[in-house]
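Asker: Below, each chain spelled out in residue letters.
Protein chains: 2
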Amino acid sequence: MESKLIADVEFTLLRQIEHPSGDVLHALKASEKSFKSFGEAYFSSVKMAKVKGWKKHKEMTLNLIVPTGAVRFVLLDDRPKSPTYNVFNEFILSRTNYARLTVPPGVWVAFQGKTDQENILLNLASIEHDPSEAESKKLEDIPFDWET
Amino acid sequence: MESKLIADVEFTLLRQIEHPSGDVLHALKASEKSFKSFGEAYFSSVKMAKVKGWKKHKEMTLNLIVPTGAVRFVLLDDRPKSPTYNVFNEFILSRTNYARLTVPPGVWVAFQGKTDQENILLNLASIEHDPSEAESKKLEDIPFDWET
Numbered sequence: 000m001e002s003k004l005i006a007d008v009e010f011t012l013l014r015q016i017e018h019p020s021g022d023v024l025h026a027l028k029a030s031e032k033s034f035k036s037f038g039e040a041y042f043s044s045v046k047m048a049k050v051k052g053w054k055k056h057k058e059m060t061l062n063l064i065v066p067t068g069a070v071r072f073v074l075l076d077d078r079p080k081s082p083t084y085n086v087f088n089e090f091i092l093s094r095t096n097y098a099r100l101t102v103p104p105g106v107w108v109a110f111q112g113k114t115d116q117e118n119i120l121l122n123l124a125s126i127e128h129d130p131s132e133a134e135s136k137k138l139e140d141i142p143f144d145w146e147t
Numbered sequence: 000m001e002s003k004l005i006a007d008v009e010f011t012l013l014r015q016i017e018h019p020s021g022d023v024l025h026a027l028k029a030s031e032k033s034f035k036s037f038g039e040a041y042f043s044s045v046k047m048a049k050v051k052g053w054k055k056h057k058e059m060t061l062n063l064i065v066p067t068g069a070v071r072f073v074l075l076d077d078r079p080k081s082p083t084y085n086v087f088n089e090f091i092l093s094r095t096n097y098a099r100l101t102v103p104p105g106v107w108v109a110f111q112g113k114t115d116q117e118n119i120l121l122n123l124a125s126i127e128h129d130p131s132e133a134e135s136k137k138l139e140d141i142p143f144d145w146e147t
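So the protein lines, in turn, are chains C and P.
The numbers in numbering that gives the first Met the number 0 rise by one with no breaks, and the one at position 4 of the first sequence is 3.
The numbers in numbering that gives the first Met the number 0 rise by one with no breaks, and the one at position 101 of the second sequence is 100.
Just chain C, with the same shape it has in the complex:
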């Protein structure tokens, strides 16, 4: 497991603005580098220890933020010409590690719930959902120890 950040992946710490009635949490601005275009926003919840994935997009850039609970993301670079080909990255996003994870096309992604409460990610996707631009693999087809 290498620690080098996969090329074109961005990990951006985000501001949480404290307020006595409830905090405001930044997610994404159109003027930020991570923003490509707006295609669709959706939430995905993932139960404790469950894993969703693997999935790889041909066109979609993902911008992932976790407002509720904690989600572990594992990424694998599958672009043969990439300087980080075959590199894995792992991130746990939550309100205590509040950040945005930008995933370019061509990178495999899977994610796992890490609390017994609800774990919810927001994906601000650069294009609308289109099954023809995504590939899937079974969890066991990419070696990663999800038990740890």
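These are calculated hints, taken from the structure and not from any lab test.
Some hints here could point you the wrong way.
Stretch-level coverage of chain P by chain C, calculated; a stretch enters the list once three of its residues show a Cβ under 8 Å from a Cβ in chain C [as the list claims (entries may be wrong)]:
1) 44-52
2) 110-118
Straight-line Cα separation of at most 25 Å, PhoX-like style, residue types lysine-lysine; simulated pairs [stated by the list, open to error]:
3) P:113 with P:80
4) P:28 with C:28
5) C:57 with P:28
6) P:113 with P:49
7) C:57 with C:80
8) P:54 with C:113
9) P:3 with P:32
10) P:32 with C:35
11) P:35 with P:3
12) P:113 with P:3
13) C:35 with P:28
14) C:46 with P:113
15) C:28 with P:35
16) C:32 with P:28
17) P:32 with P:57
18) P:32 with C:28
19) C:35 with P:35
20) C:32 with P:35
21) P:54 with C:28
22) C:49 with C:113
23) P:136 with P:32
24) P:57 with C:28
25) C:32 with C:54
26) P:28 with C:54
27) P:3 with P:57
Quick caveat: nothing in here was measured; it's all calculated off a predicted structure.
A virtual CB, placed ideally from N, CA and C, is assigned to each residue, including glycine.
Following the hints, complete the assembly by docking chain P onto the known chain C.
Answerer: Relative to the frame of chain C, chain P by itself:
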């Protein structure tokens, strides 16, 4: 309190797609009528019984979705030429009333937390945050009974 929907306000029921590992929740697609442009996405949390508002935007269209907890939204149409001038609308959004509330410029908005757990809204705003295009009023400056 009238029940007529304020002109240009949209209340859109959204799909929650059930999945044994955790559901997927729709929010907004670029091809939908409620989408104007993408300026910024942010979350705002609001504690039980607390109210944030009033606020009115000159330019921003809000698209509001509640993935966690429950939030009560109260809207007041302040556009003199609107067919629904001075009309109030009230909505409670949650996972059991899972919907998107589209609020056009010129409409006052305030919102209140409705559960003892976290109550979080996502705003998919048509422009980036800009204090010069928003007006504020104190809670007591618009008559509404927040205790009920």
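Asker: Take the hints in turn and mark each one as holding or not.
Answerer: These are the hints, each one checked on the structure:
Coverage of the region 44-52 of chain P by chain C holds [criterion: at least 3 residues with CB-CB distance below 8 Å; count 6]. With a threshold of 8 Å between beta carbons, the proposed coverage of the region 110-118 of chain P by chain C holds, since 3 of its residues qualify and at least three are required. About 33 Å separates the Cα atoms of residue 113 of chain P and residue 80 of chain P, which puts this hinted pair outside 25 Å; it is violated. Among the hinted pairs, residue 28 of chain P with residue 28 of chain C is consistent with the structure: their alpha-carbon atoms are about 17 Å apart, no more than 25 Å.
At roughly 19 Å between alpha-carbon atoms, residue 57 of chain C and residue 28 of chain P fall within 25 Å of each other, so this suggested pair holds. Among the hinted pairs, residue 113 of chain P with residue 49 of chain P is consistent with the structure: their alpha-carbon atoms are about 9 Å apart, no more than 25 Å. In summary, the hint linking residue 57 of chain C to residue 80 of chain C is supported, as the alpha carbons are separated by about 15 Å, within the 25 Å threshold. Restraint check for residue 54 of chain P and residue 113 of chain C: the C-alpha separation of about 36 Å exceeds 25 Å, so the hint is violated.
Our distance criterion of 25 Å between C-alpha atoms is met by residue 3 of chain P and residue 32 of chain P, whose separation comes to about 20 Å. A threshold of 25 Å between alpha carbons decides the hint, and for residue 32 of chain P with residue 35 of chain C the separation of about 21 Å falls inside it, so the pair holds. In summary, the hint linking residue 35 of chain P to residue 3 of chain P is supported, as the alpha carbons are separated by about 23 Å, within the 25 Å threshold. Between residue 113 of chain P and residue 3 of chain P the alpha-carbon distance is near 23 Å, which keeps this suggested pair within the 25 Å criterion.
A hinted pair counts as satisfied when its Cα atoms are at most 25 Å apart, and residue 35 of chain C with residue 28 of chain P qualifies at roughly 15 Å. Distance restraint check for residue 46 of chain C and residue 113 of chain P: the Cα-Cα separation of roughly 24 Å lies within the 25 Å cut-off, and the hinted pair is therefore satisfied. Distance restraint check for residue 28 of chain C and residue 35 of chain P: the Cα-Cα separation of roughly 15 Å lies within the 25 Å cut-off, and the hinted pair is therefore satisfied. Between residue 32 of chain C and residue 28 of chain P the alpha-carbon distance is near 21 Å, which keeps this suggested pair within the 25 Å criterion.
A hinted pair counts as satisfied when its Cα atoms are at most 25 Å apart, and residue 32 of chain P with residue 57 of chain P qualifies at roughly 20 Å. At roughly 21 Å between alpha-carbon atoms, residue 32 of chain P and residue 28 of chain C fall within 25 Å of each other, so this suggested pair holds. Note on residue 35 of chain C and residue 35 of chain P: the hinted pairing holds, with a Cα-Cα distance of about 17 Å set against a maximum of 25 Å. A distance of roughly 21 Å separates the Cα atoms of residue 32 of chain C and residue 35 of chain P; the hinted pair therefore holds under the 25 Å criterion.
Distance check on the hinted pair: residue 54 of chain P and residue 28 of chain C sit about 20 Å apart at the alpha-carbon level, within 25 Å; holds. Between residue 49 of chain C and residue 113 of chain C the alpha-carbon distance is near 9 Å, which keeps this suggested pair within the 25 Å criterion. Our distance criterion of 25 Å between C-alpha atoms is broken by residue 136 of chain P and residue 32 of chain P, whose separation comes to about 30 Å. The suggested pairing of residue 57 of chain P with residue 28 of chain C holds, with an alpha-carbon distance near 19 Å, which does not exceed 25 Å.
At roughly 24 Å between alpha-carbon atoms, residue 32 of chain C and residue 54 of chain C fall within 25 Å of each other, so this suggested pair holds. Using a Cα cut-off of 25 Å, the hinted pair residue 28 of chain P and residue 54 of chain C holds, with the two alpha carbons roughly 20 Å apart. Of the pairs offered as hints, the one joining residue 3 of chain P and residue 57 of chain P holds, with about 23 Å between alpha carbons and a cut-off of 25 Å not exceeded.
Violated hints for the displayed structure, listed by number in ascending order: 3, 8 and 23.
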